[in-house]
Amino acid sequence: MNALRTHQALQAAAERRAVTTTTRRHVHLSSSPLVVVGYHLAGDPGAPLALVWGTARDETPHCMVVPEPRNRALRFEALDEFAIDLLAYLSRFEVRDDGGTCVDAPQLVVPNAGTAEWLGGIVGRFTRNLRTDGDAPPPASVPLAGKHLSFFGDLLPGSSLMIAATDALTLHWQTGQLPSEDLNLAALLGWIDPPDGLDGPAAARLGEQAPPAGPDSDPNWDADVLADLIRSWHVAGDDPAAQAAVRGELEGEIREQLVPAWMDCWRALDQLVALPAGDHVAGRWLSDRKVWTAHSARMAEGRAFFRNIPTPVQAAGRLRFLESRTQNLQREMAWDDPLVMAALVASGEALAGRVVAVDADRQTFNANGRRQRRPMITLEPTLDFARPAGTNLYLSRHPSVKLEVLPNDASGLIRVEVLKGANQTKTLGLLPTAGDEIVLSPYGRPEFYQRSTVQEIPWTHLQLVEDSEES
Amino acid sequence: MHAEPVTPAEAAAATREQIWGTLTAGARSTLVDSPPGAGKSTLVREIGRRAHRRAQVPIVVQTNDQADDMIRGYVADQRRGAAPVRLGRLHAGDYLPPADIRTQQGLTFSKSLTDLHDCDVIVAPAAKWATVDFDHSWPFAIVDEAYQMRSDALLPIGAMMSSLLLVGDPGQLAPFTTADDTRFRGRPLSPLETAAATILTTQPETVRLALPVSWRLPSQAADLISDAFYEVPFTAGTQPHQRRLSRGIASLHRGRAADAVNTAARRGWAYVELDDVPMPPTDPDAVQAIVDVVEELISADIALEDEYGTRPLLPSDIAVGVTHRDQRDHVRTALQVARARTGMPVDEVVVDTANVLQGREFQIVVVWHPLSGRRDASQFHLDAGRLCVLLSRHRQACIVVSRGGIRDQLAGHSPTEPVWLGESAPTLDGWHAHLAVLDHLTDHAV
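For the record, the sequence lines run as chains A and B. Residue numbers for the first sequence follow UniProt numbering, beginning at 1 and rising by one. Residue numbers for the second sequence follow UniProt numbering, beginning at 1 and rising by one.
If we strip away everything but chain A, and leave its shape as in the complex, we get (with noise of 0.2 Å):
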């Protein structure tokens, strides 16, 4: 945590309410979700109990409900259910632009991390290789969904293809609770949107009180409620009315504990179009859709394979690719969010001041002797800054500005000199003018580099398997 972290959440605390971290939204909203909520079995994440979906808040939101949630055939007769719906849902988004680009994506949303990784890992894996044919087939809607709900569940940083509403809220707000009782969507949302005549701690317990947004159920629940409507469900034998009985007991059971954690992920979206969008979101839905849309190709062609455990070849490419992802998204929050950069002017990375002089004809030699136009721009710094000489900046406004900063004199006023993207009569322009309140930080554009690309699996990584005799 930041500094400045540290003093919003002291402020939050203080204030008895959270404080926004951000002065934009950085994730993109769509304007159709799916929002999806879900229990499992306590102790068997394999064997879903329930889930709670919709598109629209002001309609009654589908439920699936496993009355046996240990039999393998009603798990997966509930589970056709919400594939069909989530097949029809995601097939609305199959239009391609001249490009070849879906233009638009789906956005699944969903309460919590934990819901995100259980759909998208879990209950992607145990479904997506099933197979359709054999003795007991699961309906073909099944291993489709799980295809799908895998996708999601591999998706990069910055990715809004998927959003837990807690983690997207946290991101943009700081409340003075624990980082762990922030799981809790429905006391965040206490914290960031309390009811009239509630300050935020007091909604938060009140938050604390709702049945628990899943994918967990709430123990109590489940001895007092589930215990006994599974029994019911046994006692009822093969008697379709008694089933019948027992699945619209359970459903409105089940109904009462996630339709208000359904209804919080609906909240969760209401305080975030609030903000408006931060400039590189659209980039970075934009790189959604094509993930889309690569996804939606391979599975029109039956290519959606997921590999538990991916080649060395492979598994390199991605971790280069992630890293890549994670170090733009930091950068784009900050170029995007002047609160996101206080974070890093407060923590002495970042530089911010008021222009006091720009020499833009400034030259000096190079190692070579060479004249070379080095403009220098002088500020007045706003915080004291302790980065020594030599240390490199960019232009917040104009990232391809490279800067260096210079030794200081006693001035107190900090000179920086332009090594490149202002050095140039047509770049010059970059440069601020005095009087100009400026923020220099440590994010410059990304560099490319020219990589060969590793076709095969060398030697050096390459496992010989013996085939060993069973034990």
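These aren't lab readings, by the way, just hints derived from the structure by calculation. Here the structure is a predicted model, which means the values were calculated and not measured. Even for Gly, the Cβ is constructed at its ideal location relative to N, Cα and C. Among the hints, erroneous ones may be present.
To be verified - A partial selection of chain B residues facing chain A, derived with a Cβ cut-off under 7 Å:
1. T131
2. F134
3. D152
4. L155
5. P191
6. L200
7. T202
8. E205
9. T206
10. D329
11. H330
12. R332
13. T333
To be verified - Subject to a maximum C-alpha distance of 35 Å in a straight line, what follows is the list of computed DSBU-like cross-link-like pairs (lysine-lysine):
14. A:K402 to A:K420
15. B:K111 to A:K402
16. B:K111 to A:K420
17. A:K402 to A:K426
18. A:K147 to A:K290
19. A:K426 to B:K111
20. A:K290 to A:K402
21. A:K420 to A:K290
Given the coordinates of chain A, assemble chain B onto it according to the supplied hints.
Below, chain B alone, put in the same frame as chain A:
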């Protein structure tokens, strides 16, 4: 039957011959574990000199600094009469050759391999080797700092080189990523493993040897570092009387910095403990204490005595080792300010993080303890490799600066890091290593 080698020098020479014997016998992969300053770079250079007679030898290092140091080592060898080799330094487009070797005879700098085809030995960081066209191939290459190299960086090397000598220090910092690595943890051949671990997994017949003697660490340090951080023990190659620091100028005023320098000169270690107060990473008092020690070291007119002779201590012989980059920046700034104030060349001291100092050597190292001023002992700060790197860069003496209360911090520490299925536990527990080091340092407190 061979006679048992008696002196450290003979033991080291015997190991070198053993390594060369393994290579000439046609081993596809050979791994040499080397404690700090055990002549790893000397070994790499010597093998390079011997092997180029058969084919050009690529040397893969991990950073530009290491590549430049490797070149400097070759230049120094030739000055001492070693057979000259034509050197190539392959580098990225924005790299500037350092002034001291820019105009060296028999050395070619280039960003393109085509300019270097008649070089005997080509030195470049792994990241640069990853950019060359993989149509090239070499029968044999040397990888330096194989425990610092990430497994994914070895992929292009494996694609071009058909046999490898990997050399590295197993006590160093393991490679890391800034990205979320959950997806890669505990996987076989994870890209986050070290190159050395990868080769040991895929090539079970790899010959694994260890260099037995540290030429860098003085005898006061070798035992501690060997006990606290290494599975295979090693000894110092020098006797206590062979290394000495003597002050030319007695300290004008008594103070902790003067005491620290005096204790370090006498015993090879000194521990400056500040008040036990939780502080942000850029603790200004710790910065000041470090600056004081550096000023004292430079103003004391210290003479260095070792197996090569006696010479004055230069600012560039001193390093300050820190944990975080903002600590590095604060110390550098404070030293620049001190220079402006006193005119002493304190800013010529090397200040860097443990990650950057890995594999480098100095006469005296001032260490900002990784746990100083913290309230928690996180895995990052407990990392045995980080502490080991910081405490094993020096030939003469090491001065550690820290806030008090580290023992309480270690005692009150509850680990919060997940345990990954399929991932082998580290052979060294940072928690125990820290305690062992702390016990030792307490004896040298000033």
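These are the hints, each one checked on the structure:
no.: 1; hint: T131; verdict: 6 Å, holds
no.: 2; hint: F134; verdict: 5 Å, holds
no.: 3; hint: D152; verdict: 3 Å, holds
no.: 4; hint: L155; verdict: 5 Å, holds
no.: 5; hint: P191; verdict: 5 Å, holds
no.: 6; hint: L200; verdict: 11 Å, violated
no.: 7; hint: T202; verdict: 5 Å, holds
no.: 8; hint: E205; verdict: 11 Å, violated
no.: 9; hint: T206; verdict: 11 Å, violated
no.: 10; hint: D329; verdict: 5 Å, holds
no.: 11; hint: H330; verdict: 5 Å, holds
no.: 12; hint: R332; verdict: 4 Å, holds
no.: 13; hint: T333; verdict: 5 Å, holds
no.: 14; hint: A:K402 to A:K420; verdict: 5 Å, holds
no.: 15; hint: B:K111 to A:K402; verdict: 23 Å, holds
no.: 16; hint: B:K111 to A:K420; verdict: 21 Å, holds
no.: 17; hint: A:K402 to A:K426; verdict: 16 Å, holds
no.: 18; hint: A:K147 to A:K290; verdict: 17 Å, holds
no.: 19; hint: A:K426 to B:K111; verdict: 29 Å, holds
no.: 20; hint: A:K290 to A:K402; verdict: 31 Å, holds
no.: 21; hint: A:K420 to A:K290; verdict: 33 Å, holds
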